[in-house]
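Okay, here's what each chain looks like letter by letter:
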Amino acid sequence: MKWFSLIILGAFLALVVYAGGDLPALGDPESPSHVHVSPSYIEGSIPETRTPNIVTAVLADYRGYDTLGETLVIVTAGLAVLLILPRGALRRIR
Amino acid sequence: MRRRYENPIVEGVSRVMVPLIQLFGLYVIAHGHYGPGGGFQGGVILAASMMLLRLSLGEEQEHRRFSPRAAAALSAVGMLVFAATGLLSLVEGKEFLNYAGLPLGELSGAEARYLGILMVEIGIGLAVWGTLVMLFDHLLGGEAK
Numbered sequence: 000m001k002w003f004s005l006i007i008l009g010a011f012l013a014l015v016v017y018a019g020g021d022l023p024a025l026g027d028p029e030s031p032s033h034v035h036v037s038p039s040y041i042e043g044s045i046p047e048t049r050t051p052n053i054v055t056a057v058l059a060d061y062r063g064y065d066t067l068g069e070t071l072v073i074v075t076a077g078l079a080v081l082l083i084l085p086r087g088a089l090r091r092i093r
Numbered sequence: 000m001r002r003r004y005e006n007p008i009v010e011g012v013s014r015v016m017v018p019l020i021q022l023f024g025l026y027v028i029a030h031g032h033y034g035p036g037g038g039f040q041g042g043v044i045l046a047a048s049m050m051l052l053r054l055s056l057g058e059e060q061e062h063r064r065f066s067p068r069a070a071a072a073l074s075a076v077g078m079l080v081f082a083a084t085g086l087l088s089l090v091e092g093k094e095f096l097n098y099a100g101l102p103l104g105e106l107s108g109a110e111a112r113y114l115g116i117l118m119v120e121i122g123i124g125l126a127v128w129g130t131l132v133m134l135f136d137h138l139l140g141g142e143a144k
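So the sequences go chain by chain: A and B.
Counting in numbering that gives the first Met the number 0, the first sequence runs from 0 upward without gaps.
Counting in numbering that gives the first Met the number 0, the second sequence runs from 0 upward without gaps.
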């Protein structure tokens, strides 16, 4: 069983090394992730939103839906603590 | 109940530092458009100032000033500010969260989006602030009341 796991892991390692050769170089401006929507964010940030900080423009405007979900996750986590561990619950367990 | 930390140095320093920390938190929220910052970071700084007060001046006094119940309400209000900004964008027939549709009168689309980002950041800040104070109160809080 141990040898079987090692063979599987070795096969995955070989696959990763083989596939890694095809990855674009770090910071390559022609890589697929940099030619899809990034140029329009970089060019549009100031004329479309008047926001010099592109990160903020992407976070709150272009990807606003994502940020809405993130905030909801944080509030939900807080509410879950409120429901499961209300004040003093930890002390009562001890 | 976490009691007052009876030490004049701790008390004095936290009394002096807390307004500065809170001012810096507001600055970080408002500065998100021009540099590092935004709602998440600013909300965390505001929550940290309240945690410092709870640790140094004691919960008895600080809960009268800002109760755990108020923290829960604050996180919900922040979430509502965010969602309401999205819903207000629908008024002029634009998509959900497309701030160009905010009913802000004469402002152009880009300026409306600038203000929309600010409103959303404030909502995030309130939500994070309330949630972290709530987590602090309920995880580190003392006896149930």
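Since the hints were made in silico from the structure, they are not lab data.
Watch out, some of these pointers could steer you wrong.
Said to hold, decoys possible - What follows is a set of in silico ranges between Cβ atoms, one per label pair, in the way DEER data are often shown:
1. B:Phe-95 <-> A:Ala-10: 56 to 62 Å
2. B:Leu-25 <-> A:Val-54: 49 to 55 Å
3. A:Val-54 <-> B:Arg-68: 31 to 37 Å
4. B:Met-16 <-> A:Leu-22: 43 to 49 Å
5. B:Gly-104 <-> A:Ala-24: 47 to 53 Å
For each residue, glycine too, the CB sits at the ideal point set by N, CA and C.
Taking the hints in turn, this is what the structure says about them:
Phe-95 of chain B and Ala-10 of chain A have their C-beta atoms about 46 Å apart, which leaves the hinted 56 to 62 Å range violated. Separated by about 20 Å at the C-beta atoms, Leu-25 of chain B and Val-54 of chain A break the suggested range of 49 to 55 Å. A beta carbon spacing of about 35 Å between Val-54 of chain A and Arg-68 of chain B agrees with the range 31 to 37 Å that was offered as a hint. Between Met-16 of chain B and Leu-22 of chain A the beta carbons are some 48 Å apart, a value that agrees with the proposed interval 43 to 49 Å.
Evaluation of the 47 to 53 Å hint for Gly-104 of chain B and Ala-24 of chain A yields a pass: the beta carbon distance comes to about 49 Å.
Hint violations for this structure: numbers 1, 2, all remaining hints satisfied.
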